[in-house]
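Engineer: Turn these sequences into a full structure, and let the hints guide you.
Residue numbers (the numbering used here), protein chains in the order written: chain X, 9 to 306; chain L, 971 to 1241.
I should point out that these hints are in silico values taken from the structure, not numbers from a laboratory.
For clarity, every value in this text was computed on a predicted model and none was experimentally measured.
Hints are supplied without guarantee of correctness; some may be wrong.
Stated by the list, open to error - Within a straight-line C-alpha distance of at most 20 Å, the following computed SDA-like cross-link-like pairs (lysine to any residue) qualify: (1) X:Lys-220 to L:Ala-1124; (2) X:Lys-256 to X:Met-141; (3) X:Lys-256 to L:Pro-1199; (4) L:Lys-1225 to X:Met-141; (5) L:Lys-1225 to L:Ala-1124.
What the hints assert, rightly or not - Residues on chain L that point at chain X, a partial pick, calculated with CB under 7 Å: (6) Ile-999; (7) Val-1008; (8) Trp-1012; (9) Ile-1014; (10) Ala-1056; (11) Ala-1059; (12) Ile-1084; (13) Trp-1145; (14) Asn-1195; (15) Val-1212; (16) Gln-1224.
Where is the CB? At the ideal position from N, CA and C, for every residue including glycine.
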Amino acid sequence: MTSVPYEQPPPREGLGRRLSRYFYRHPRLSLALLLAVPLGWLVVAYLGSLFVLLLASVWTTDPFTSEVVHTYTFDNFRRIFDEPVYRDVAWRTIRMAGLVTIADAVLAFPIAYYMARVATPRARNILVVAVLMPLWASYLVKAYAWRTILSGAGVLNWALDPFGVSFDGYSTTGLWLVFTYLWLPFMILPIYAGLERIPSSLLEASADLGGKSLRTFWRVTLPLAFPAVVAGSIFTFSLTLGDYIAPKLITSQQFIGTVIYDNHGTNLPVAAAFTLVPIVVMVVYLLVARRLHAFEAL
Amino acid sequence: MVESRLTRTLLRLGAAATLVFIYLPLVVIALYAFNASVTQSWPIDEYTTKWFSTAYHDEGVRQALWLSVRAALGATAVALVLGTLASLAVSRFDFFGRDAISLVVILPLALPGIISGLALRTTYTTVGIDFGLLTIIIGHATFCIVVVYNNSLARLRRVSGSLEQASYDLGADAWQTFRYVTFPQMRTALLAGGLLAFALSWDEVVVTIFTAGAQQTLPIWIFANLFRPIEQPVVNVVALFVIVLSLIPVWIAQKVTAERPGAVRGAATRR
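Structural biologist: Below you can see the structure in the form of structure tokens.
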């Protein structure tokens, strides 16, 4: 009997390790696997949808059945340009977005300045959370809260009553107040971040050179913080431009959002064409914002 | 400190006034939930908790609540997976078009909600997908990805990829490395991102109205009933509930990322 010397085979590697090594040696494949699902989702589900919306803007509606017919026409755009109703609505909305942005910038500056330069670090952290939290609170509920506050028997008129004043809350001015309220945190946070980035030495230098506080503010602080204001304005402007919930709750006046919302069931192509107005306005706005260095302040 | 004493006092007053402005409507809506009267007039004469039990037993509210919870959980799950994958790709690889990824991820939140909503709705009807839980989740997940992505990416950029290399060198496979090295470092960032995604989905209404079909989530239930005077008391209760339940996750998310205040700031893009 001869004994065959037993040789231990090399340990067989697990599937996991072999796969890992394979992926490690093929980083492009790993990258492709990581990106396939999220990018696939965003490109197919989202960009694809936007493309369908764009297509829908050149479709037509059957005048009798209101059904969408897939024949291509640019009549929807002609209608939006030619009919004064659409132009008026677009202007009213853009004007509103501008006024809301200005009001938010004016309101946001003092608290942002206080947070960035006056408050103690502890107070600053508390304030950041205090501003951030309502940003996440349901925006529908906030708009609804304003609907009750602005009503004839609401809090605002109760507070104004002793002065013999009454305020028609369900008006364009009321809506302006509501929009200003809704988007205020979106303006405070970028301005705060922008002011925090200004080195104190610059303001001290201005003071040393004889600049009074107001002069320092106008000549040093404001120019340096301006990109941050523009960054915040991207949100306040864009959000006002596309909103339909707050206008529905507060006024009976038409805005871009309400026109799209009211038409999407009966005349989808016109609604789809009208969505291009806020898209184009925002693209132009973003291009201007980029020239003003707003993206670095985001 | 270059600001004069007067300036600082004025700023303090201004900041306080702004905070009051921000919180006053939330307080008002909370108080109205306890209003005994059906009519909404101020000041409130009598307080009661009876509307809470009315809302609790309301069949429409219950169904809406259940749908909202399922939609938010589904959207959060999808967003967690997709956001994590995308952030891993962007943080650990260098490739052509990397900067474009962030743009595509943020686009659904940056464009006005009505555009996303109408685009998805048009696609559903054109392709022939029936409206339901799935269509709501697709819409929500699409704009929730960005909060997970932002939180996760910020974390991954701070922790070095060399730890993962070391793990491979020591003989771990890719799954073990993710399980024992990468994931523990991302855990709180993912928790924060998931909570924020939940909060975002939970009270979303602008897109959901377009993607829900005939079904009602809780915010849609509010929108459908707030014009009906008879339903006002229940609407107030539901509104308070929606606000509280969206603030709790945000509060926790803020706490778990507390070592880095403003971590949730990427969220400044929410509508």
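Engineer: Each hint should be assessed against the structure and marked as holding or not.
Structural biologist: Evaluated hints:
A hinted pair counts as satisfied when its Cα atoms are at most 20 Å apart, and Lys-220 of chain X with Ala-1124 of chain L does not qualify at roughly 40 Å. Distance hint between Lys-256 of chain X and Met-141 of chain X is unfulfilled; the C-alpha atoms sit about 25 Å from each other, more than 20 Å. Distance hint between Lys-256 of chain X and Pro-1199 of chain L is fulfilled; the C-alpha atoms sit about 16 Å from each other, no more than 20 Å. Of the pairs offered as hints, the one joining Lys-1225 of chain L and Met-141 of chain X holds, with about 12 Å between alpha carbons and a cut-off of 20 Å not exceeded.
The hinted pair formed by Lys-1225 of chain L and Ala-1124 of chain L meets the criterion: a straight-line CA distance of about 16 Å does not exceed 20 Å. Taking 7 Å as the C-beta contact cut-off toward chain X, the hint placing Ile-999 of chain L at the interface holds, the least distance being around 4 Å. Interface hint at Val-1008 of chain L: violated, since its Cβ lies 13 Å from the closest Cβ of chain X, which is beyond the 7 Å cut-off. The beta carbon of Trp-1012 of chain L comes within 5 Å of a beta carbon in chain X, closer than 7 Å, and the hint placing it at the interface holds.
Here the hint on Ile-1014 of chain L is broken, as its CB sits about 10 Å from the closest CB of chain X, past 7 Å. This hint holds: Ala-1056 of chain L has a C-beta 4 Å from the nearest C-beta of chain X, less than the 7 Å allowed. A least Cβ separation of about 4 Å between Ala-1059 of chain L and chain X falls short of the 7 Å threshold, and the interface hint therefore holds. At its closest, the beta carbon of Ile-1084 of chain L sits 5 Å from a beta carbon of chain X; the interface hint therefore holds under the 7 Å criterion.
Using the Cβ-Cβ criterion of 7 Å, the hint placing Trp-1145 of chain L at the interface with chain X is satisfied: the shortest such distance is roughly 6 Å. With its C-beta approaching chain X no nearer than about 10 Å, Asn-1195 of chain L sits outside the 7 Å limit, and its interface hint is violated. Interface hint at Val-1212 of chain L: satisfied, since its Cβ lies 5 Å from the closest Cβ of chain X, which is below the 7 Å cut-off. About 6 Å separates the beta-carbon of Gln-1224 of chain L from the nearest beta-carbon of chain X, less than 7 Å, and the hint is met.
Violated hints, listed in ascending order, are 1, 2, 7, 9, 14; each of the other numbered hints is respected by the structure.
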